[in-house]
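**Student:** Since the structure of chain A is already known, use the hints to place chain B on it.
Read off the chains here:
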Amino acid sequence: MNDLTLRNLRKEFPGHDGTGSVIAVSGANLEVPRGTLVTLLGPSGCGKTTLLRMIAGFEEPTSGQVLFGDRDVTSDPPNRRDTAMVFQSYAIFPHLNVFDNVAFGLKLQRLPAREMRERVERVLDITGLGGYAKRSPSQLSGGQQQRVALARCIVMEPRLLLFDEPLSNLDAKLREQMRVEIRELQQRLGITTVYVTHDQVEAMSISDIVVVMDSGHIRQIGSPEDIYARPTSHFVADFIGKANFIPAEVIDADRIRIGGREIAVQPHDFRPGHPVQVMIRPEAAEVSREEGLFTGTVERAMFLGSVLECVVNVPDVGQLLIDVPNPVAFGSLAVGQEVHVTPVTGLPAVVERPEARA
Amino acid sequence: MNQLKRLARDPLLLALIIIIFAALGLFVVYPLVKVFATSFQTRAGVWTLENYELFTTRRLYQTALRNSLVVGGTVALISVLLGYILAFVTTRLRTPGRGLLHMVTMLPIISPPFVSAVSILFLFGFNGLVTRHLLQLDDFSIYGFGGVVLSQVFTFTPIAYLSLRGVLQSISPTLEDAALNIGATKLQAFLKVTLPLSLPGVASALLIVFIESLADFGNPLVLAGATFPMLAPQAYLEITGSFNLPRGAALAVILLIPSLTAFAIQRYWISRRQYVTVTGKPSTSTSKLVSEPVKWILYGISVLFGILVAAFYLVILVGAFTRVWGFDYTMTLQHFRYVFDVGFNAVKDTLIVAAIVTPLSGLMGMMIAFLVVRRRFPGRQLLEFTSILNFAVPGTVVGIGYILAFNGPPVILTGTLAILVAAFVFRYMSVGIQNGIAVLRQIDPSIEEAAQNLGADSITTFRKVTLPLIAPAFFSALVYAFVRAMTAISAAIFLVSANWNLMTVQILNQVGSGRLGVAAAFSVLLIVIVVIFMGLLNLLMSRWTRHSGSVRF
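Residue numbers (our numbering), protein chains in the order written: chain A, 1 to 358; chain B, 1001 to 1553.
Just chain A, same shape as in the assembly (with noise of 0.2 angstroms):
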């Protein structure tokens, strides 16, 4: 049984001077086993927030159910559904101090006093807060604030953990570090988890699903392996990491041909005849002084440290971001040199043209 199911989920918010309104979600389809770390990923404005909203009761949806289980939650107020969500800006009581805030759950509960005390010191331990139970929350750093917010959810064991962009009020450094502390938190306690964020590379190294969004909808579901390398919409392919996208005829179903070289691919459901790209990673290009599929010329080429960054232009083709690994060892480039390139090792994704969209 799926810990939380979102059946065609739908919002919409009346528009701001009468006319019309906003879909913020629509259609949303979901199912999230116990366990697992789901994130909702997508740029400002895909509904991601609104959506983890809905779950935990703050927005009412149009229409849609959400399931904890098998038991429909959808017109249960907010204090009454087993979630507990960590807050962007943390919302920390800044009236009570740090066992007071992680307690404030528990007590509603009417919880015996020493059973209480032990959960919260236990979990005060987990997160790293031990010994600041008297604090107050003005003498806290962004870092430690986060950590009680975490730890006062943590303590109510719920059956779903939310996080609304815990993370972007912190520096970067501190960012990587929580993530990974997250992550080892939740798999520790393998408490289902809903995580919002923007930010592509925190989604990608927490989650074990990655939900794409985009105006309202759901492009794409799957682990973070197969929305990277096998992007079923433009949109997705775009949206994560970075991508060369080049025009490209369908041949049939595994290969596709790009400046009248035959290239095998994903396995795609696209005709012959339909306008198409082929989406290849700068990683997955190759460039060699000797040898190669295609023959072009350096555009320009930029030494990053750990790759060496080219632009090389592939008559036919089309101009090719790559990447070429360990540029210490491989030596450099000059501007306008000749180079091999194979456009991809491996087999490359397929979408559509974006044209091809109304």
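Keep in mind the hints are simulated off the structure, nothing from the lab. Mixed in with the good hints there might be a few duds.
Below, simulated PhoX-like cross-link-like pairs (lysine-lysine); rule was C-alpha separation at most 25 angstroms, straight line [said to hold, decoys possible]:
(1) B:Lys1464 with A:Lys107
(2) A:Lys173 with A:Lys242
(3) B:Lys1192 with B:Lys1288
(4) B:Lys1034 with B:Lys1192
(5) B:Lys1186 with B:Lys1288
(6) B:Lys1464 with A:Lys134
Looking from chain A toward chain B, a few residues come up when the C-beta cut is under 7 angstroms (computed) [to be verified]:
(7) Pro78
(8) Asn79
(9) Met85
(10) Ser89
(11) Ala91
(12) Gly105
(13) Leu108
(14) Phe245
(15) Phe303
(16) Ser306
Idealized CB from N, CA, C, for every residue including glycine.
**Tutor:** What follows is chain B alone, placed relative to chain A:
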């Protein structure tokens, strides 16, 4: 409809909203409607315009209207000018004794609004210390335009001062520095930078004082006299003197119109144009716009005003212990004996009323602010508007409205404690609501969502999370309600009865009977009570909000 369905699942909240709407409808809207309706009727209940026609025929009414408007305008101008100088001196100039000056200027706010009238009688009345004894004038009459203006300037300058203080503090002095740097003279910098920036605040203060002056009942009643009719006392006289409710109601409506207009202008037009400089932090650094001699002139004016205020209160204090002012200056306790003996019922009643009104007003204010800012439901804007409406309605109109509304079926409340409590609660919670709304808007809504997320329903969230966070607004609402309940007169004078009397009404009665000594004794006692309460509340508040540790649930 969705909103309603959601509400239905938080039944306590739904019940609360319905109760509040019903209460507002009954105690705010219904009385006003009755006033309007009655003004269009004859005494027999027939619909007519004759009450309003009187304004075109009877000189008395035209004069009353004109007088009230002229006094209002004059008082507004003088008070705002004085208030501006005072605010400027205390916030922007480095002068000695600013703290003391500030406190003295604020004194009139915590006393009955007509205390100045009593002082003026002591000083400038027929047996006045200044007029009779010092200047030996035999037929100088302070009654009329002069007396009313003087007493109202005294009473309302602190209000203008408070308002302008906030305005001046929000203008960064760096702007003046920039003007001087470009080459402006000090006068030019003031005229072209400081003054324009403070103009919306000045306009706002002008309107506020104008409204207060129009609505003022106590001072005109004491000092206007028979030859200087004014609207508020005239409405009162029509009802209590001639028992002509329709005419009184018509006068009340005429009184209401400029008040509501000024309120609307102030709220919807001026507040849109407030210029707050980017820093937002209060700036109290010294202004360089004022040369030394000018600075000391301004300071002198301020000190003079402070001395005047102190003198007024000193006179009251002395008068309370003087056997017969103007004739026998021996010290005596007889007035206080009267207060604690015959007059003690009034003291007791006033304290009871204040004790009930204060917490009710504070809590309702915070709850309504919470609902307006944090919850969506049909009629939310209406709720906000109605609960603030009473603030703009002159007390006289409220008083008349209440006796019209609750003197007969369906709800009979006249002569009871309930009518006093209702009138006060619904008038004074407006300030609490506005403060609460302002404070709530600064609190991150996620904090309350977090509480709900952890299992708290609306009422629990309000109690355990919101209320502690808006404590400052809550406490100031309590102080405001208490002070107003203790010093109210305009509405109260219609609502007192044999069973329930108030100290303020007693003071007026004593003044009317010529017993200034007793009036002074009541006033002294009243002020002392208010000061004690404010001190206690301040103590409580600093203890309650100083905690950095846990809060017991």
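**Student:** The structure should be examined with respect to each hint, and the outcome stated for every one.
**Tutor:** Taking the hints in turn, this is what the structure says about them:
no.	hint	in the structure
1	B:Lys1464 with A:Lys107	11 angstroms, holds
2	A:Lys173 with A:Lys242	23 angstroms, holds
3	B:Lys1192 with B:Lys1288	15 angstroms, holds
4	B:Lys1034 with B:Lys1192	49 angstroms, violated
5	B:Lys1186 with B:Lys1288	8 angstroms, holds
6	B:Lys1464 with A:Lys134	19 angstroms, holds
7	Pro78	5 angstroms, holds
8	Asn79	5 angstroms, holds
9	Met85	5 angstroms, holds
10	Ser89	5 angstroms, holds
11	Ala91	4 angstroms, holds
12	Gly105	3 angstroms, holds
13	Leu108	5 angstroms, holds
14	Phe245	40 angstroms, violated
15	Phe303	44 angstroms, violated
16	Ser306	39 angstroms, violated
The structure is inconsistent with the numbered hints 4, 14, 15, 16, although it conforms to all the rest.
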